[in-house]
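K.L.:
Modelling step: build the complete structure from the supplied sequences, incorporating the hints.
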Amino acid sequence: DSGVTQTPKHLITATGQRVTLRCSPRSGDLSVYWYQQSLDQGLQFLIQYYNGEERAKGNILERFSAQQFPDLHSELNLSSLELGDSALYFCASSVNLEGPNTGELFFGEGSRLTVL
Amino acid sequence: SQQGEEDPQALSIQEGENATMNCSYKTSINNLQWYRQNSGRGLVHLILIRSNEREKHSGRLRVTLDTSKKSSSLLITASRAADTASYFCATGGEGSSNTGKLIFGQGTTLQVKP
Numbered sequence: 003d004s005g006v007t008q009t010p011k012h013l014i015t016a017t018g019q020r021v022t023l024r025c026s027p028r029s030g031d032l033s034v035y036w037y038q039q040s041l042d043q044g045l046q047f048l049i050q051y052y053n054g055e056e057r058a059k060g061n062i063l064e065r066f067s068a069q070q071f072p073d074l075h076s077e078l079n080l081s082s083l084e085l086g087d088s089a090l091y092f093c094a095s096s097v098n099l100e101g102p103n104t105g106e107l108f109f110g111e112g113s114r115l116t117v118l
Numbered sequence: 555s556q557q558g559e560e561d562p563q564a565l566s567i568q569e570g571e572n573a574t575m576n577c578s579y580k581t582s583i584n585n586l587q588w589y590r591q592n593s594g595r596g597l598v599h600l601i602l603i604r605s606n607e608r609e610k611h612s613g614r615l616r617v618t619l620d621t622s623k624k625s626s627s628l629l630i631t632a633s634r635a636a637d638t639a640s641y642f643c644a645t646g647g648e649g650s651s652n653t654g655k656l657i658f659g660q661g662t663t664l665q666v667k668p
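If you're matching them up, the sequences are chains A and B in order.
When we follow the numbering used here, the leftmost residue of the first sequence carries the number 3, and every step to the right adds one.
When we follow the numbering used here, the leftmost residue of the second sequence carries the number 555, and every step to the right adds one.
Derived from the structure by calculation, the hints contain no laboratory data.
In this text the structure is predicted, and so the values were computed from the model without any measurement.
From the three backbone atoms N, C-alpha and C, an ideal C-beta is built for every residue, glycine too.
Do not take every clue at face value.
Calculated from the model, a selection of chain B residues having no Cβ within reach of chain A, i.e. all distances over 10 Å [as the list claims (entries may be wrong)]:
id	residue
1	G570
2	E609
3	T631
4	T638
5	K667
Taking lysine-lysine and the BS3-like style, the derived pairs with C-alpha atoms no more than 25 Å apart in a straight line are [unchecked claim]:
id	chain 1	residue 1	chain 2	residue 2
6	B	K610	B	K580
7	B	K610	B	K623
8	B	K624	B	K580
9	B	K580	A	K59
10	B	K624	A	K59
11	B	K610	B	K624
P.N.:
This is how it looks when you write it as structure tokens:
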């Protein structure tokens, strides 16, 4: 058990809909990262938050947004869903030290999104 | 976008044999990490090697890093059926790009036959 909790585990929805994925990081971790894993694109970095603020942005679509709340949990919002958005969405957390001490990420078990 | 390539994409070996996976990357890095993913599960950190290190060991794992060639290899010795999984290398950025995020390769799928 990594200590990172993601809900829901599975989600089936229709094209055009909006969903929210939730992530609770490990206790004490300030950074939250969202990744998308699909068969054709592999594991893609979407966005990172650190202590409530956006820290880094990857290949995140404009239809997607995220935020990190004061209690450090994070939500990833996916809207106007398309078939191609079907994927595993992972949240990871880390203490995120600055400088040369970038450390390991702790991953949740993922939320599997199926868009029909 | 992916940082680099992993080779081979798939590897099938017998229990007891060694498995070697390679990873190449494109930009300067602060560190390189290897992760394991069982089918449909979350990724689990295996080992981290910093840019000023050349080799690191952890149990049956041996990782090498060649920053001049921008490549790394992961060796799993005396493999077991339980080692069957996908293995990913991931790189952490250097300097101003060092936010903590990791960029992952495409992964190597390892099958260890009993």
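K.L.:
For every hint, state whether the structure bears it out.
P.N.:
Consistency of the hints with the structure:
1. G570: Nearest chain A Cβ is 29 Å from G570 (chain B), so the label holds.
2. E609: 19 Å, holds
3. T631: T631 (chain B) is indeed farther than 10 Å from all Cβ atoms of chain A, at 22 Å.
4. T638: Consistent with the label, T638 (chain B) stays out of reach of chain A, its closest Cβ about 18 Å off (over 10 Å).
5. K667: 24 Å, holds
6. B:K610 x B:K580: 21 Å, holds
7. B:K610 x B:K623: It holds: about 17 Å lies between the C-alpha atoms, which stays within 25 Å.
8. B:K624 x B:K580: 7 Å, holds
9. B:K580 x A:K59: 19 Å, holds
10. B:K624 x A:K59: 24 Å, holds
11. B:K610 x B:K624: Within the cut-off at roughly 16 Å; holds.
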